[in-house]
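Given the coordinates of chain A, work out where chain B should sit on it, guided by the hints.
First to last, the protein sequences are chains A and B.
Take the first sequence: its position 149, counted from the start at 1, is 156 in our numbering, and no numbers get skipped.
Take the second sequence: its position 249, counted from the start at 1, is 664 in our numbering, and no numbers get skipped.
Hints may contain errors.
As the list claims (entries may be wrong) - In silico lysine-lysine, PhoX-like type, Cα no more than 20 Å apart, as pairs:
(1) B:LYS472 x A:LYS246
(2) B:LYS472 x B:LYS494
(3) B:LYS472 x B:LYS423
(4) B:LYS472 x A:LYS247
(5) B:LYS486 x B:LYS472
(6) B:LYS546 x A:LYS25
(7) B:LYS486 x A:LYS247
(8) A:LYS246 x B:LYS486
(9) B:LYS488 x B:LYS472
(10) B:LYS486 x A:LYS242
(11) A:LYS189 x A:LYS212
(12) A:LYS57 x A:LYS212
(13) B:LYS629 x B:LYS472
(14) A:LYS242 x B:LYS472
(15) A:LYS247 x A:LYS161
(16) A:LYS189 x A:LYS57
(17) B:LYS445 x B:LYS423
Unchecked claim - If you want a taste of the chain A side facing chain B, the calculated C-beta under 10 Å gives, among others:
(18) ASP11
(19) ASN12
(20) ARG14
(21) GLY15
(22) PHE17
(23) THR26
(24) TYR27
(25) GLU83
(26) GLY87
(27) LEU89
(28) GLU90
(29) PRO96
(30) ILE97
(31) SER98
(32) PHE248
Claimed, not checked - Which residues of chain A face chain B? A partial, calculated answer using Cβ under 7 Å:
(33) MET8
(34) LYS22
(35) THR88
(36) ARG91
(37) LEU94
(38) GLU249
If you are wondering where the hints come from, they were derived from the structure by calculation, not from laboratory data.
We put the CB at the ideal spot given by N, CA and C, even for glycine.
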Amino acid sequence: MWRDNLRGIFYIALKDMKTYYFKAPAISWGIVFPITWILAFYLRNPGDFKELVPGLIAMTVLFSTTAAEAVVINFELRVGTLERLLLAPISIPAVLLGKVLGGAIFGFAMTTIVTIGSTIVLGLRPNFLYLILIILPSLFVFSSLGALLCVTVKEVFDAQTLLNLPRFLMIFLSGVIYPVSKMPSALQYFAYILPLTYTVDGLRKSFLISPDRIVFLYTLILIIFLFLFIFPAIKLLSKKFE
Amino acid sequence: MRSNIVIKVENLTKRYGEILAVDHISFEVKEGEVFGFLGPNGAGKTSTIRMLTGLSKSTEGDASILGMSVKTKIAEIKKRIGVVPDISNLYDELSAMYNLIFMAQLYGVPRGERRKRAEELLKIFRLYERKDSPFRTFSRGMKRALTIAAALIHSPKILFLDEPTVGLDVVAAKSLRNLISNLHQQGITIFLTTHYLEEADLLCDHVAILVKGKILVIDTPLNLKTKTDKKTLEEAFMEITGLEPEVLAIEKGR
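Pulled out of the complex, with its shape left as it was, chain A reads as follows:
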């Protein structure tokens, strides 16, 4: 059974790449939007652009993984293709994991372009091990968040609207633009219950000359967020087929 599920996860992710991800709308949300957003902030407050790179990468992770993830499950439920997947010898968790993996792989491709591009252009020398330790779990965390919010609602567009709330909240409160340490203390506490805070701070530490080992703790925290999002998503999707 586990072999059937692993095969299912792989081929669903592959199919989703072809069907939804490497298309103009997903690329636009995943890569163009974060770059435009960061540039807008930079032009408003010109300074050292290098300071904004961790935020840019974090936003790329967030937007690319959730670009299509937030709608594909509901869309497929509506047109009946998700049911088609469940007629195959694959479990509901495997179908959902396949969807999450698809979002994470697309996010990985977009984030790699932004990370490599910005490090080359700006001459940065990050610790690549730390970058991977932060980026990889973050990709799965935000892809799972997209899946969770998607299965919470019934309509395709409701999911996209619902997802904008945590997305924009995290942009402003997770240190993407404005450092968490300079925020009022009440907001700082709030920032630390947002997963993007750990992504941004972990990425910032990966770009320091002597990187901080707290990155390992952030990886662990991000993995906990992954479980917090993925299990309820599986539970909610299963309920739709009771």
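Then chain B, alone, in the frame of chain A:
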């Protein structure tokens, strides 16, 4: 002979809140036969298929397919059955060929056989010329045919067909009935739900008549006509169910 019973349903029940969609039904389907599940809309046909194919859980009762319980061995069952839902639910953006290959991947058809099997089915269903066209460009009849082909990609022993000809024009429906007859001749057991009674009369070895979640009768179409002294299965159906002809006409028109 009990050994060739491939579907055995016992007291299967489905409740959606207060609504009793399927009410303690029991029946058996023999290997190689076409078993028709007849009834008007809302009779519980699709709910029954969903429980038998693992898409929903029964509230009470159990069913075994090929000797395995749908409650405990559904993954094993799914490898041996093909399901054609009441809507043609393949991927619009993907080509006919990719849709079939994707299904072959999900069902674990060996890598070397996937394309060959897909080509074979596209030829059987006369869709080979359109193998590279996206599913969304197909006519309703072609979509139905490709959905059946997708359900056959892993060479199942039992095929569940939920309203296969609904919404098709006369020519497409006839062509699809011929395909179903051919599958029957190849020895595949077919579980067919339909509210087109002439279709059931033509294709089925046995039929079960379902109304409001309950099975009223199970017999051969010929026996039902003989017992009710009617010329067509439709007339026999009216007699058995007591449904007004106008009601059925409305149901058929939906």
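Consistency of the hints with the structure:
As the CA atoms of LYS472 of chain B and LYS246 of chain A are separated by approximately 11 Å, the hinted pair is consistent with the 20 Å bound. A C-alpha spacing of about 18 Å is found between LYS472 of chain B and LYS494 of chain B, which places the hinted pair at or below 20 Å, so the restraint holds. The straight-line distance between the Cα atoms of LYS472 of chain B and LYS423 of chain B is roughly 16 Å, inside the 20 Å bound, and the hint therefore holds. Between LYS472 of chain B and LYS247 of chain A the CA atoms are separated by roughly 11 Å; this keeps the pair inside 20 Å, and the hint holds.
At roughly 8 Å between alpha-carbon atoms, LYS486 of chain B and LYS472 of chain B fall within 20 Å of each other, so this suggested pair holds. Our distance criterion of 20 Å between C-alpha atoms is met by LYS546 of chain B and LYS25 of chain A, whose separation comes to about 17 Å. Distance check on the hinted pair: LYS486 of chain B and LYS247 of chain A sit about 17 Å apart at the alpha-carbon level, within 20 Å; holds. With a C-alpha separation of about 16 Å, the suggested pair LYS246 of chain A and LYS486 of chain B falls inside the 20 Å cut-off, and the hint holds.
With a C-alpha separation of about 13 Å, the suggested pair LYS488 of chain B and LYS472 of chain B falls inside the 20 Å cut-off, and the hint holds. Straight-line distance between C-alpha atoms of LYS486 of chain B and LYS242 of chain A comes to about 18 Å, which keeps the hinted pair within the 20 Å bound. For the hint pairing LYS189 of chain A with LYS212 of chain A, the CA-to-CA distance comes to about 17 Å; that is within 20 Å, so the pair holds. Proximity of LYS57 of chain A to LYS212 of chain A is assessed by CA-CA distance (about 13 Å); at most 20 Å being required, the pair is judged to hold.
Distance hint between LYS629 of chain B and LYS472 of chain B is fulfilled; the C-alpha atoms sit about 18 Å from each other, no more than 20 Å. For the hint linking LYS242 of chain A to LYS472 of chain B, the alpha-carbon distance of about 15 Å falls within 20 Å, and the restraint holds. Distance check on the hinted pair: LYS247 of chain A and LYS161 of chain A sit about 10 Å apart at the alpha-carbon level, within 20 Å; holds. Straight-line distance between C-alpha atoms of LYS189 of chain A and LYS57 of chain A comes to about 19 Å, which keeps the hinted pair within the 20 Å bound.
Straight-line distance between C-alpha atoms of LYS445 of chain B and LYS423 of chain B comes to about 9 Å, which keeps the hinted pair within the 20 Å bound. Residue-level restraint check for ASP11 of chain A holds (minimum Cβ-Cβ distance to chain B is 6 Å; threshold 10 Å). Annotation: interface hint on ASN12 of chain A holds; nearest CB of chain B at approximately 9 Å, less than 10 Å. A hinted interface residue such as ARG14 of chain A counts as satisfied when its beta carbon comes closer than 10 Å to some beta carbon of chain B; here the least separation is about 6 Å, so the hint holds.
A distance limit of 10 Å between C-beta atoms decides the matter here; for GLY15 of chain A the minimum to chain B is near 6 Å, and the interface restraint holds. Because the beta carbon of PHE17 of chain A sits about 8 Å from the nearest beta carbon in chain B, less than 10 Å, this interface hint is met. For THR26 of chain A, the interface hint holds, since its Cβ comes within 10 Å of a Cβ in chain B; the closest pair sits about 5 Å apart. Evaluation of the TYR27 of chain A hint against chain B yields a held restraint, the C-beta minimum of about 9 Å falling below 10 Å.
Checking GLU83 of chain A against chain B by beta carbon gives a least distance of about 9 Å; that is within 10 Å, so the hint holds. The criterion of a C-beta within 10 Å of any C-beta in chain B is met by GLY87 of chain A, whose closest approach is roughly 3 Å, and the hint holds. Given the 10 Å rule on beta carbons, the hint for LEU89 of chain A holds: about 9 Å separates it from the nearest Cβ of chain B. For GLU90 of chain A, the interface hint holds, since its Cβ comes within 10 Å of a Cβ in chain B; the closest pair sits about 6 Å apart.
For PRO96 of chain A, the interface hint holds, the least distance from its beta-carbon to any beta-carbon of chain B being 4 Å, beneath 10 Å. Because the smallest distance between the Cβ of ILE97 of chain A and any Cβ of chain B comes to about 6 Å, under 10 Å, the interface hint for this residue holds. At a threshold of 10 Å, the smallest CB-CB gap from SER98 of chain A to chain B is about 7 Å, leaving the interface hint in force. With a cut of 10 Å, the hint placing PHE248 of chain A at the interface with chain B holds, because the nearest CB-to-CB distance is about 6 Å.
With its C-beta approaching chain B no nearer than about 5 Å, MET8 of chain A sits inside the 7 Å limit, and its interface hint holds. Using the Cβ-Cβ criterion of 7 Å, the hint placing LYS22 of chain A at the interface with chain B is satisfied: the shortest such distance is roughly 5 Å. A hinted interface residue such as THR88 of chain A counts as satisfied when its beta carbon comes closer than 7 Å to some beta carbon of chain B; here the least separation is about 5 Å, so the hint holds. A least Cβ separation of about 5 Å between ARG91 of chain A and chain B falls short of the 7 Å threshold, and the interface hint therefore holds.
Interface restraint check: LEU94 of chain A against chain B, minimum CB-CB distance 5 Å, threshold 7 Å, status holds. The interface hint given for GLU249 of chain A is met, as the beta carbon of that residue sits about 6 Å from the closest beta carbon of chain B, less than 7 Å.
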